[in-house]
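Here is how the chains run, residue by residue.
Protein chains: 2
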Amino acid sequence: MARIVMKFGGTSMAGIERIRAVAARVKREVDSGNQVAVVVSAMAGETDRLVQLCKEAAALYDPREYDVVVASGEQVTSGLLAITLQGMGLNAKSYMGWQLPIRASGHSAALIENIDVDVLERVFDGGGIAVIPGFQGVTSEGAVATLGRGGSDTSAVALAAAMNADRCDIYTDVDGVYTTDPRIVPQARKLDMVTYEEMLELASVGAKVLQTRSVGLAMRYNMPLTVLSSFEDKPGTLIVGDHQLEESGMERNIITGIAHDKNEAMVTLTGLPDKAGTVAGIFAPLAEANVNVDMIVQSVPRTGEPSVLTFTVPTASLAHSVAELQKVQDDIGFQEILTDTNVVKISAVGVGMRSNAGIAARMFQTLAERGINILAITTSEIKVSVLIPEEYTELAVRVLHSAYGLDANREDVA
Amino acid sequence: MARIVMKFGGTSMAGIERIRAVAARVKREVDSGNQVAVVVSAMAGETDRLVQLCKEAAALYDPREYDVVVASGEQVTSGLLAITLQGMGLNAKSYMGWQLPIRASGHSAALIENIDVDVLERVFDGGGIAVIPGFQGVTSEGAVATLGRGGSDTSAVALAAAMNADRCDIYTDVDGVYTTDPRIVPQARKLDMVTYEEMLELASVGAKVLQTRSVGLAMRYNMPLTVLSSFEDKPGTLIVGDHQLEESGMERNIITGIAHDKNEAMVTLTGLPDKAGTVAGIFAPLAEANVNVDMIVQSVPRTGEPSVLTFTVPTASLAHSVAELQKVQDDIGFQEILTDTNVVKISAVGVGMRSNAGIAARMFQTLAERGINILAITTSEIKVSVLIPEEYTELAVRVLHSAYGLDANREDVA
Numbered sequence: 001m002a003r004i005v006m007k008f009g010g011t012s013m014a015g016i017e018r019i020r021a022v023a024a025r026v027k028r029e030v031d032s033g034n035q036v037a038v039v040v041s042a043m044a045g046e047t048d049r050l051v052q053l054c055k056e057a058a059a060l061y062d063p064r065e066y067d068v069v070v071a072s073g074e075q076v077t078s079g080l081l082a083i084t085l086q087g088m089g090l091n092a093k094s095y096m097g098w099q100l101p102i103r104a105s106g107h108s109a110a111l112i113e114n115i116d117v118d119v120l121e122r123v124f125d126g127g128g129i130a131v132i133p134g135f136q137g138v139t140s141e142g143a144v145a146t147l148g149r150g151g152s153d154t155s156a157v158a159l160a161a162a163m164n165a166d167r168c169d170i171y172t173d174v175d176g177v178y179t180t181d182p183r184i185v186p187q188a189r190k191l192d193m194v195t196y197e198e199m200l201e202l203a204s205v206g207a208k209v210l211q212t213r214s215v216g217l218a219m220r221y222n223m224p225l226t227v228l229s230s231f232e233d234k235p236g237t238l239i240v241g242d243h244q245l246e247e248s249g250m251e252r253n254i255i256t257g258i259a260h261d262k263n264e265a266m267v268t269l270t271g272l273p274d275k276a277g278t279v280a281g282i283f284a285p286l287a288e289a290n291v292n293v294d295m296i297v298q299s300v301p302r303t304g305e306p307s308v309l310t311f312t313v314p315t316a317s318l319a320h321s322v323a324e325l326q327k328v329q330d331d332i333g334f335q336e337i338l339t340d341t342n343v344v345k346i347s348a349v350g351v352g353m354r355s356n357a358g359i360a361a362r363m364f365q366t367l368a369e370r371g372i373n374i375l376a377i378t379t380s381e382i383k384v385s386v387l388i389p390e391e392y393t394e395l396a397v398r399v400l401h402s403a404y405g406l407d408a409n410r411e412d413v414a
Numbered sequence: 001m002a003r004i005v006m007k008f009g010g011t012s013m014a015g016i017e018r019i020r021a022v023a024a025r026v027k028r029e030v031d032s033g034n035q036v037a038v039v040v041s042a043m044a045g046e047t048d049r050l051v052q053l054c055k056e057a058a059a060l061y062d063p064r065e066y067d068v069v070v071a072s073g074e075q076v077t078s079g080l081l082a083i084t085l086q087g088m089g090l091n092a093k094s095y096m097g098w099q100l101p102i103r104a105s106g107h108s109a110a111l112i113e114n115i116d117v118d119v120l121e122r123v124f125d126g127g128g129i130a131v132i133p134g135f136q137g138v139t140s141e142g143a144v145a146t147l148g149r150g151g152s153d154t155s156a157v158a159l160a161a162a163m164n165a166d167r168c169d170i171y172t173d174v175d176g177v178y179t180t181d182p183r184i185v186p187q188a189r190k191l192d193m194v195t196y197e198e199m200l201e202l203a204s205v206g207a208k209v210l211q212t213r214s215v216g217l218a219m220r221y222n223m224p225l226t227v228l229s230s231f232e233d234k235p236g237t238l239i240v241g242d243h244q245l246e247e248s249g250m251e252r253n254i255i256t257g258i259a260h261d262k263n264e265a266m267v268t269l270t271g272l273p274d275k276a277g278t279v280a281g282i283f284a285p286l287a288e289a290n291v292n293v294d295m296i297v298q299s300v301p302r303t304g305e306p307s308v309l310t311f312t313v314p315t316a317s318l319a320h321s322v323a324e325l326q327k328v329q330d331d332i333g334f335q336e337i338l339t340d341t342n343v344v345k346i347s348a349v350g351v352g353m354r355s356n357a358g359i360a361a362r363m364f365q366t367l368a369e370r371g372i373n374i375l376a377i378t379t380s381e382i383k384v385s386v387l388i389p390e391e392y393t394e395l396a397v398r399v400l401h402s403a404y405g406l407d408a409n410r411e412d413v414a
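From first to last, the protein sequence lines are chains A and B.
When we follow the UniProt record's numbering, the leftmost residue of the first sequence carries the number 1, and every step to the right adds one.
When we follow the UniProt record's numbering, the leftmost residue of the second sequence carries the number 1, and every step to the right adds one.
I should point out that these hints are in silico values taken from the structure, not numbers from a laboratory.
None of the values given here were measured: they were computed from a predicted structure.
C-beta: ideal position from N, C-alpha, C; glycine also.
Do not take every clue at face value.
Claimed, not checked - Covered by chain A, per the in silico footprint, the following chain B stretches (three or more residues, Cβ under 8 Å):
#, segment
1, 57-66
2, 84-90
3, 96-105
Claimed, not checked - Between beta-carbon pairs, the in silico distance windows are:
#, chain 1, residue 1, chain 2, residue 2, range
4, B, F283, A, E141, 49 to 55 Å
5, B, G15, A, L338, 43 to 49 Å
6, A, S32, B, N342, 53 to 59 Å
Use the sequences and the hints to build the structure in full.
Rendered as structure tokens:
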């Protein structure tokens with residue numbers, strides 16, 4: 001007997017026929033003797049519809065009331081799944097965030113602070129199934145809270161951790177995590193196993209299978225996650241810690257995957273005076289404005305001459321960033337603010353990179369051979385990222401996927 | 001300064017533009033210095049959609065989970081109205097049934113047991129507006145409960161009573177209570193004032209402006225109700241007690257209105273043995289099955305001979321009633337069960353009837369002149385009802401409306 005959390009995304013819950021298929025999967029786990037809590041998303045498109053209604057109601061909508069409105073989508077699907085499971089003869093009940101309760105830190109992009117599992121323990125003791133709406137909790141004032149878009153993944157992992165689950169299965173509309181976007185590279189392969197850190201890097205650079213927060217949370221609690229398809233019966237991708245990966249003894253590529261992220265914009269400041277505090281004077285106001293600066297490149301001019309500074313920010317923060325920079329322009333005394341949104345960040349990710357030199361070099365070499373200009377570079381222990389012109393996205397992903405030996409049926413290349 | 005409850009129905013809440021119009025009405029009351037609680041329905045059609053989803057999920061859906069699903073419609077509109085009011089610079093917040101709380105007796109067609117007004121008092125003390133989803137409460141186990149279709153009217157009246165409101169205004173898609181259905185009689189007039197009892201009789205016989213339960217509740221607490229249009233700025237119909245009606249000194253017709261109800265089915269049992277306990281043996285099982293038997297006519301045969309019994313039941317209960325009757329058929333020994341759904345109940349209602357003889361006689365006379373056959377009759381202190389073949393519905397309503405002097409611009413007829 002295992003204790004598991006099963007989480008189903010919006011496309012899996014889109015309509016009664018699909019909910020019936022979800023219920024059949026839940027039944028199979030229960031019939032195998034497992035204790036099951038199910039976390040559900042709203043029907044696909046429903047949260048967008050509700051968000052749109054809030055925006056139409058008032059441009060500056062109140063997060064407290066926004067949460068009341070948008071949390072309703074998951075309330076509906078959890079009730080419907082409970083009804084469907086009961087119709088199959090199972091003992092299922094729904095529990096809203098305020099009923100368990102799932103304590104959340106505030107509104108609209110709240111963090112989960114604490115989950116009371118007393119109710120769940122009683123449900124399991126009675127041989128029951130708990131159906132829990134994802135994405136929602138309750139504030140200390142007793143108001144409905146939501147966790148931010150994609151928050152249902154985080155709900156599932158937090159719940160799994162709180163109830164000491166053996167694993168957390170994330171059912172979605174893809175059948176696992178791939179070496180890269182299969183729409184770009186048909187030879188992309190499904191990965192059997194990735195580590196939390198790899199998944200974090202892949203997720204943060206555009207492989208949107210799981211919400212980044214949920215992976216971080218799973219890593220913190222060492223909760224095994226599986227990403228698998230709601231629609232097909234085949235094994236998915238297991239996401240575990242380094243240790244479990246090593247124990248598995250699985251042969252792996254040095255590089256696990258290639259990701260791309262078009263949500264970065266490049267900012268270039270020209271004519272920066274060569275004096276102390278210039279760079280700090282630029283990044284401090286951006287940090288205060290909660291802008292997440294990523295790649296930074298500074299030209300190194302001759303002493304005493306003005307230099308050029310290039311960095312990237314999320315595209316959504318670009319207008320805001322430029323406004324902040326204009327405020328300090330006269331004080332700092334730089335010349336121009338140039339922006340470019342036609343850029344893409346391409347990343348190679350893999351824990352194998354730690355013990356292998358030459359990974360970055362191979363990337364630069366491969367891109368140079370195709371005449372692709374690198375605008376900025378950033379690296380972490382398990383990732384190398386480059387910023388390139390957006391028009392080269394697909395070409396760069398394909399050549400790197402191949403260069404790192406990730407193409408299916410070409411094991412010999414590695 | 002007055003303390004008021006404003007209730008808005010589904011057509012008034014159908015979409016952001018209409019919610020904005022609702023908010024403008026609320027603002028006007030607040031600007032006049034009133035303390036306002038607003039009760040809202042789900043957007044028109046939303047509750048039907050949610051009920052349909054539950055039915056598709058499982059034929060015998062669990063009332064607990066049904067309530068979770070269908071209560072979401074009002075959750076959405078209350079959040080949206082709060083956002084819209086805030087957008088107009090007003091201090092508004094939504095409070096779900098479980099947040100106040102509104103204690104309800106059980107699931108799906110729950111009664112309101114108790115409303116805690118502490119939160120509301122604090123809202124009013126702070127100059128705020130409370131937006132409350134109609135139709136919902138919370139059970140003693142902490143589960144979401146709904147009050148049955150049309151329950152938002154009841155929510156509004158119960159809330160008005162609990163918070164000692166000066167009045168409860170029901171905004172809807174008609175501009176008041178009419179002497180009869182204006183689609184049948186163009187000369188129908190809007191009534192300025194009706195009594196709770198008249199409204200109860202009119203509502204129970206098909207004038208579906210207000211949920212019957214809400215009128216009964218208003219009568220119990222002597223809460224003045226006004227039915228008025230969300231879409232037009234004109235006075236509606238005030239619903240008050242006999243006493244207030246008398247105090248108003250208003251000249252009124254003896255008959256207040258003519259209603260019709262097609263949701264009755266006629267059941268005829270033939271060949272009933274003339275022995276003690278026969279009639280009891282028929283109605284006892286129907287009562288146990290919660291079938292609401294209305295009009296009863298028994299033919300009076302010669303002693304010792306079999307008789308015929310005719311009565312009406314709600315059309316929705318007909319199949320169920322026939323099944324119950326078939327179970328006792330052999331025991332009781334009647335011959336046949338005949339049913340007819342092509343019947344309509346026509347009622348003349350008015351408190352003036354109490355002190356006036358000849359009201360029923362005029363009805364029978366008027367219908368007889370048109371050759372309309374009366375199948376059954378029932379009367380109360382302020383109502384005379386007849387069952388007639390359905391095809392005469394419009395004709396009967398028109399001639400009675402005229403016969404009782406209700407046609408507009410024909411005061412001389414009265």
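Hints, one by one, checked against the model:
1. 57-66: holds (count 9)
2. 84-90: holds (count 3)
3. 96-105: Result for this restraint: holds, n = 3.
4. B:F283 <-> A:E141: 49 to 55 Å: holds, 54 Å
5. B:G15 <-> A:L338: 43 to 49 Å: Cβ of G15 (chain B) to Cβ of L338 (chain A): about 44 Å, so the range 43 to 49 Å holds.
6. A:S32 <-> B:N342: 53 to 59 Å: With Cβ atoms ~56 Å apart, the hint holds.
Of the hints listed earlier, there is not a single one the structure fails to meet.
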